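Going down the list, the sequences are from chains A and B.
Numbered according to our numbering, the first sequence spans residues 4 to 65.
Numbered according to our numbering, the second sequence spans residues 5 to 746.
Derived by calculation from the structure, the hints in this document are not laboratory data.
Small disclaimer: the values here were computed from a predicted structure and weren't measured.
Ideal Cβ placement from N, Cα and C applies to all residues, glycine included.
Keep in mind that the hints are not guaranteed to be accurate.
FRET-style restraints, in silico, Cβ to Cβ [said to hold, decoys possible]:
id	chain 1	residue 1	chain 2	residue 2	range
1	A	Gly-39	B	Asn-530	41 to 47 Å
2	B	Val-320	A	Glu-47	55 to 61 Å
3	B	Thr-724	A	Ala-41	39 to 45 Å
4	B	Ala-744	A	Met-43	24 to 30 Å
From the structure, some residues in chain A lie toward chain B, with a derived Cβ separation under 8 Å [unchecked claim]:
id	residue
5	Arg-20
6	Glu-25
7	Arg-37
8	Glu-49
9	Ser-53
10	Leu-56
11	Pro-60
12	Gln-61
13	Arg-62
14	Cys-64
Letter by letter, the chains look like this.
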Amino acid sequence: MTTLVRRWAAGVRWYARELTGEARWDDYLARCERDGVAPMSRREYERHRSEHLERNPQRRCC
Amino acid sequence: MATDTTTPPGASGPAGPPPGDAAKRPTGRRPTPLSIAIWVLVAVVGATCWTVLALHRGEDVSALWILFAAVASYLIAYRFYSKFIANRVLRLDDTRATPAERLEDGSDFEVTDRRVLYGHHFAAIAGAGPLVGPVLAAQMGYLPGTIWIVAGVILAGAVQDMVVMFFSMRRDAKSLGQMIREELGVVGGVAALIAVYAIMIILLAVLALVVVNALAESPWGVVAIGLTIPIALFMGVYLRFLRPGRVMEVTAIGVFLLLGAIALGGVVENSGLASAFELTPETLTILMVVYGFVASILPVWMLLTPRDYLSTFMKVGVILLLAIGLILARPVLQTEAVTPFAGNGQGPVFAGSLFPFLFITIACGALSGFHALISSGTTPKMIAKESHVRMVGYGGMLMESFVAVSAIIAACVIDPGLYFAMNSPAGVTGGTAEGAAEFVRTLGFTITPDQLNAFSESVETELVSRTGGAPTLAFGISLIFSEAFGSGMTAFWYYFAIMFEALFILTAIDAGTRVGRFMLQDTIGNVWPKFGDTSWRPAAWAASAATTGAWGYMLYVGVTDPLGGINQLFPLFGIANQLLAAIALTLCVTLFCKHGWWKFVWVPAVPLVWDLVVTMTASYQKVFSDNPAIGYFAQADRYRAARDAGEVLAPATEASQMDTVVFNSTVNGFLQASFAVLVLVIVANAAWIWVKAARAGSLPTTEVPHTPSQVVAPADFFATAQEKEAVRAWEAEREQTAGASR
Chain A
4 MTTLVRRWAA GVRWYARELT GEARWDDYLA RCERDGVAPM SRREYERHRS EHLERNPQRR
64 CC
Chain B
5 MATDTTTPPG ASGPAGPPPG DAAKRPTGRR PTPLSIAIWV LVAVVGATCW TVLALHRGED
65 VSALWILFAA VASYLIAYRF YSKFIANRVL RLDDTRATPA ERLEDGSDFE VTDRRVLYGH
125 HFAAIAGAGP LVGPVLAAQM GYLPGTIWIV AGVILAGAVQ DMVVMFFSMR RDAKSLGQMI
185 REELGVVGGV AALIAVYAIM IILLAVLALV VVNALAESPW GVVAIGLTIP IALFMGVYLR
245 FLRPGRVMEV TAIGVFLLLG AIALGGVVEN SGLASAFELT PETLTILMVV YGFVASILPV
305 WMLLTPRDYL STFMKVGVIL LLAIGLILAR PVLQTEAVTP FAGNGQGPVF AGSLFPFLFI
365 TIACGALSGF HALISSGTTP KMIAKESHVR MVGYGGMLME SFVAVSAIIA ACVIDPGLYF
425 AMNSPAGVTG GTAEGAAEFV RTLGFTITPD QLNAFSESVE TELVSRTGGA PTLAFGISLI
485 FSEAFGSGMT AFWYYFAIMF EALFILTAID AGTRVGRFML QDTIGNVWPK FGDTSWRPAA
545 WAASAATTGA WGYMLYVGVT DPLGGINQLF PLFGIANQLL AAIALTLCVT LFCKHGWWKF
605 VWVPAVPLVW DLVVTMTASY QKVFSDNPAI GYFAQADRYR AARDAGEVLA PATEASQMDT
665 VVFNSTVNGF LQASFAVLVL VIVANAAWIW VKAARAGSLP TTEVPHTPSQ VVAPADFFAT
725 AQEKEAVRAW EAEREQTAGA SR
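In isolation and in its complexed conformation, chain B is listed as follows (with noise of 0.2 Å):
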């Protein structure tokens, strides 16, 4: 083993210059000729794939382009750009002992596999929103979408969770609000604290809401997901009592009976017994509220680990699936590249324009701040190697982006007409298919009621204003895989693909509350200690109770609001994601002005800009607007207007409507201004400190020192025949000093 006396190169004391000076870089290997061919042939696969996106027109346009421009855009980011913030800008180092490495405890902290770790990663960040917010956005048609996931992750989400997983990892995997605390001061922590549980309490209704709008009137999915729920206790139970620890055996058991239930639902649903299922947007909502809280305050191995299992199963396997379908399906494109909605802002599924709305819109799979979140905390306490910061943290969101980008096909691969059927709020469509046809002919689409009725009958249940984004997308998807697995299922990958996203919603919402209660507990323990103690149960219960009350509440609000509550809230939703990023961002680019890494301020500065622009501006209109369709006191005025003057807007059918719109309205823009300010809040605390930093050049950051690493392990995907040789060299000594101590 290595026993370095002297100070190990690149160590230095917290106010030091980054470590890694040119005698330390990683030794690049010359490009061999044939690595030149293979990234040449990626360059102009991707280069032709976009070339033929941006230029046809008016002709049929297979979904494969859009597949292959991102996998081979990915390839090139991952290879290059990656691997230059990796070398040049973070300097990696795998020279230092990771915290999982130093402060290994066998629970939190784990040297872990580099593949194994990404997987816990991915299953970790990603879920229902890659799949519905691109679904929403291809209302302005296939390619800004497309484009802005593609270059957004490449350019600011992949960098954001890469950036934040480093930062946290070299300080002892600290989280991002324990680093605001510790690097930007009391102002920006505590905003940063109300920030994040705001916008996790928005993100978990506009979540519920999605399930919500899947299930109503639906007792075939009511029947399959609520199934899920005895599966996932009866495997509970099996691991706690019957076979513990065997996970494997009971999670296929677990797979099969979930497509046992679906088949059942199928079977409920042609049956006498299907009234009894058919259940109201408000009893859903009670339910949801009632499965929240139950399910944040039972034992996690009752009902959050099992049903874990099963959905990361379930994730991966869709996701595969998904994939192989594509290419077999070869489906074409039936949306138009850029609708006249990118332009004039007045799309049905959510109002504004391309800029600022498309961004905000699509959060995950391009930027998501609550990815922060995880590669602060939870991940950087698994690492391995610092090396593997890149694979987990910027492969890890390239894999989102890359279902992001599956998401946005399967829309698209939709009849324009019908997308716009389902996604058009029933108060503009009726919820009656002669109602949608109509409304869908003023959009500028043709579809009839009898072709309407006929998509309808295909997967059994009324599609007709079935907003959320989750339906669509499971119709797009079982349109798919019948194409590319054999027709006379549809029905059936439609409530598979339905059950597969209300599998990941159930359980965020039920890890998001029991998140949520812990950060409403630790904070109000500050002030009365006994409060902090989660094992107390009236404090447990309480602080659950508080959580789901008020994501339960903007779940009523989206419920019930008349103009639609995708409409209202998923804008919310989105825009609070970003201000998240905004905040991550921004503590990175204060990182690197402490540390004085001026030279490549850019990387994070350049997201952190540009989503500020887009947050500030879409938070502005969302608030300041006078069009009614985008601001959200606008909208209150009119309606207030109106219901003074004794009238009755469309959407609201009665004065009681008209009401609930005011209502919610102004809460909405409360909410929303508020985000935009603590996010100003923030940014001004840490402006401050950049010019600090600016004038003395760098300043003292929390970074834990050098400690040399003895863990041995390839950095990359696939290890290379000299790193397999060292990790056996670095295994044999391993077995030698432990026999020897024996």
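Isolated chain A, as found in the complex (with noise of 0.2 Å):
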């Protein structure tokens, strides 16, 4: 029951951090570390993520 309730705590937790890009910071330094190259801080990270957000209007229906 408790490795049931754990199981599903997680997917919602992983989902909820894909949903808002959260886990876009582990993808990042996933990717670094497979190129092999050193990843910027997280604040420069996410300043980059808001600056192409700020080109690139989402939009949002009625």
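Both chains come to you apart, so use the hints to assemble them.
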């Protein structure tokens, strides 16, 4: 039972992190490691991301 | 890794036949007896629920019949019709690389988990629209609205979203406007650009009007919604400077603060400060316009992004709570199945008879043209596999339809007397409980002023003539939640629901103004390149001001209209949204013709024909009807004649209001007529291409040629054992390749 609850909670957490984009940082770190380049700091990375959103407005429908 | 040196199956040039001959079709497994039994059961449940809804009259009907009828229909439509479209009509081909795979850049184009993309797409398409339209449509009873929401989504709305997404995906995720320009030509392209911009302005004005109506003279609402701005700003600062990237924790803090803001609103309502926050609709209009302008020029990290997190979580949370609440509370429908207003077209909420006005009042939830703007351009950049178009496009729209069904239920569990007292314009109710009770009596319903006052007191705000749909929905939700989760919190739940709607509307206004600004800058940039530079402040500010000014003006028109802004503007919004759907479906039909997919052209053509019949009839009536309650120009004439004779016609109370009605109705009439003409131009442009394609059999299109896909991912919501195994094998292989290259 507890393992089932734990699996569900982990699933929900994974989903929420993916949906909000929080997990992007982990993907970025993994990519840097794979490519053998030094990652930028998290602060820099997140600024980079928000600048991108600035130029590409997302539509929100009715 | 499969190295295919020969031409991959299904590869075709732009003009070629669709990929996927018989050999390539997904090999359907023979259905097991268990799955047959399950689907028979779903069909029986659905049929039983619809039968009960159709036949039960004059006795208590539980709202759960609607809920289960809808869910059973969605399941069957998804399992069979969407699969048919996916496999037989569009022939989704998982051997083809999607734009996300081919053009992956880590920001826009990115292979995304199908379930995550489903969430993104749903968050982008679902807003206040599916909540408001069904509430207004409840004036005709629960049955017509429910049937249209369910049938409309299955045959039209979800089909549009899925097919547009498919075509955009096959064209490097181009936007609807780009595809129209390239596939239909410049005339269609320009008409589409103007139509999209104008329709967006009306949409933003109507959404803002919904918020203004919900917050007018309501200190609790003003405080609670007003506090969302500092909360979002705080979250923005937190993510920017304090703990960059920690979205989950800041959203948890934000949601906690939101609940605190609702509670604080209650405290203010009952304190001496209340009068300071009791704002008139005119004041709120100015505040909304200023807010819209400032929000659209602030950096996104400050306000837009953090509020988007809040509204997404609130959206998902409330929908889940509502579904659970409905099952726990099992409310009984108070409205009749079909009210007399369906036939006589004299309902106070919106004028006109069931056909065509029900079908434009409920746009989002059944068929929404605006979705085509998300299904092209945005979502296709993130699709991992072609097969996901079915789940994300069709499945996402079914979920939105479910929201609309929940909304119509919430509106129909309210006492009909209260429903009409809330949704009739102040011009006819006088804005008082006595006036409303008297007016509702003339409609054939009974409610006493004392009962109305008691309802108002239960949520601590005046409910009479609180039009716009949001308050009615909020009241219905508060009834359901109080029943399901314990009484004593009715007012809290009411404002919780108001906040939930206001959050998405504010996000839509901010994002919409921004998109409008970019569209304007892009268009003017064609003749004055400097203006197109989005980082050039003067251009950005001017374009934002023009966009905000346009919807702000329409909002002002709505707020000051003596006939009631929702009554006047909602049809314009509904028709505009459905006209946008006509544009999107016209593109789909055109591409079917160009590809030579004649056998299945009915899939987008049936919804297109239906949508054109509805929107053109509605537009015609709105422009040419000689009934002043329906035709904008007839209305203007009637008030002009009376004004010239020195009379004042109700609901106007003075001569200047007569002028307002004349002017507003004329403006609305012209807008309505121009939208319809724009769409006719696009359809005529397309019809020319259909004829050319029919003569030639097919025509070249801009479809990108087949590139083999390497990505492995399950196709549907739940992965099968084989799919899981294939993903594991693929990941292990990638791991190995990455290791070898290091």
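We went through each hint and held it up to the structure:
| no. | hint | in the structure |
| --- | --- | --- |
| 1 | A:Gly-39 <-> B:Asn-530: 41 to 47 Å | holds, 44 Å |
| 2 | B:Val-320 <-> A:Glu-47: 55 to 61 Å | violated, 31 Å |
| 3 | B:Thr-724 <-> A:Ala-41: 39 to 45 Å | holds, 41 Å |
| 4 | B:Ala-744 <-> A:Met-43: 24 to 30 Å | holds, 27 Å |
| 5 | Arg-20 | holds, 6 Å |
| 6 | Glu-25 | holds, 4 Å |
| 7 | Arg-37 | holds, 6 Å |
| 8 | Glu-49 | holds, 4 Å |
| 9 | Ser-53 | holds, 4 Å |
| 10 | Leu-56 | holds, 5 Å |
| 11 | Pro-60 | holds, 4 Å |
| 12 | Gln-61 | holds, 6 Å |
| 13 | Arg-62 | holds, 5 Å |
| 14 | Cys-64 | holds, 5 Å |
Comparing the model with each earlier hint shows a violation of hint 2 alone; every other hint is respected.
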